[in-house]
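Chains as they are written, first to last, in the numbering used here: chain F, 36 to 234; chain H, 24 to 144.
To be clear, the hints were calculated from the coordinates, so they are not data collected in a lab. Treat the hints with caution; some may be incorrect.
If you anchor each label on the Cβ, the simulated ranges turn out as follows [unchecked claim]:
1) H:50 to F:199: 36 to 42 Å
2) H:114 to F:77: 48 to 54 Å
3) F:76 to H:66: 39 to 45 Å
4) F:166 to H:73: 44 to 50 Å
5) H:139 to F:195: 29 to 35 Å
Note that beta-carbon positions come from the ideal geometry of N, C-alpha and C, so glycine has one too.
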Amino acid sequence: MAYGGYDHGSATAVTPVTVKILVAGGFGAGKTTLVGSVSEIRPLRTEETLSERSQLVDSLYGVEQKSTTTVAMDFGRITIRDDLVVYLFGTPGQRRFWFMWDDLSYGALGAVVLADERRLADCFPSIDYFERNNIPFVVAVNSFDDSQHHSLETITQALSLSGGVPVIRCDARRRTSSRDVLVALAEHAITRHHEAQFN
Amino acid sequence: MQRQGEWFDGDAGPVVRPYALTGGLTRPSGERLDLIDMVRAVRTAGRNVPLTPEQAEVLQRCPIPVPLVELAADLNLPTGVVKILVSDLRERGLVTIHRSRSVGLSDLKILQEVVDGLRRL
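This is chain F alone, in the form it adopts within the complex:
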């Protein structure tokens, strides 16, 4: 497989193809938990700069502001093969952080929107964002022990999702469950790929 070699690299070193999957959702929906349960590394935390100006324009790099604050992002890694690595990014889904999503979602495979069925409205901004930007996404209802267990049909209706967006239940604490969410997303992205071919 002819993955791009490296300009100055040794003949043996393979620079992997890297792909991004985003994990969005409201506060406490389980983003960090999901990233942590499926990542091969302890979730790492990095920060994105957030300046006042970023709120007003599509600028991500406004470090010229005298005061800049940061927003935490969790990320994890899944090495599929030496030459194919998936990075997961979990970061706040509120509308005021959309400027970050513009950068994060660039070239992304797709997104997982984590929903807590007790606070479904918290994931509306994330859903809005991915719909508007035509980014494939799935909704994963993170099932906490005391949650009400509405049917997935009811939840789908409540979220007024456009047709075909998978809504699945998960337990973000469990690796296999989190993995299944990612598989559902990647399969959905393939479906969207085929749909795009026919339109």
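With chain F held as given, fit chain H onto it using these hints.
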């Protein structure tokens, strides 16, 4: 200190002055850098060139390709700051960038490999 406005709150982190870490540069130059682009120091990098301590650290950490986001986490610096440091190093020929693949809806083969790979986890 600036009086706390509404533009940051508990969800946001500490107030920092990142331009202090970027040699006064305020934005990345050249082609857009992505968080998962791979950064690698060229072999002769760092010899007899003026570097800020942060740039020297970047170079030390990428003798083999390292994704930009991992550099940021390792250095405990905001990603926006690392993008500026790396773009400056790139412009000076001290690092090379291996761009990540934009998968999106475009690359069916990679999508299928991701599905198969995840299923094996």
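Hints, verified against the model:
1. H:50 to F:199: 36 to 42 Å: Holds, since residue 50 (chain H) and residue 199 (chain F) (Cβ atoms, about 39 Å apart) stay within the stated range.
2. H:114 to F:77: 48 to 54 Å: Violated, at about 34 Å.
3. F:76 to H:66: 39 to 45 Å: violated, 28 Å
4. F:166 to H:73: 44 to 50 Å: The hint (44 to 50 Å, Cβ to Cβ) holds, given that residue 166 (chain F) and residue 73 (chain H) are roughly 48 Å apart.
5. H:139 to F:195: 29 to 35 Å: Distance hint for residue 139 (chain H), residue 195 (chain F) holds at roughly 33 Å.
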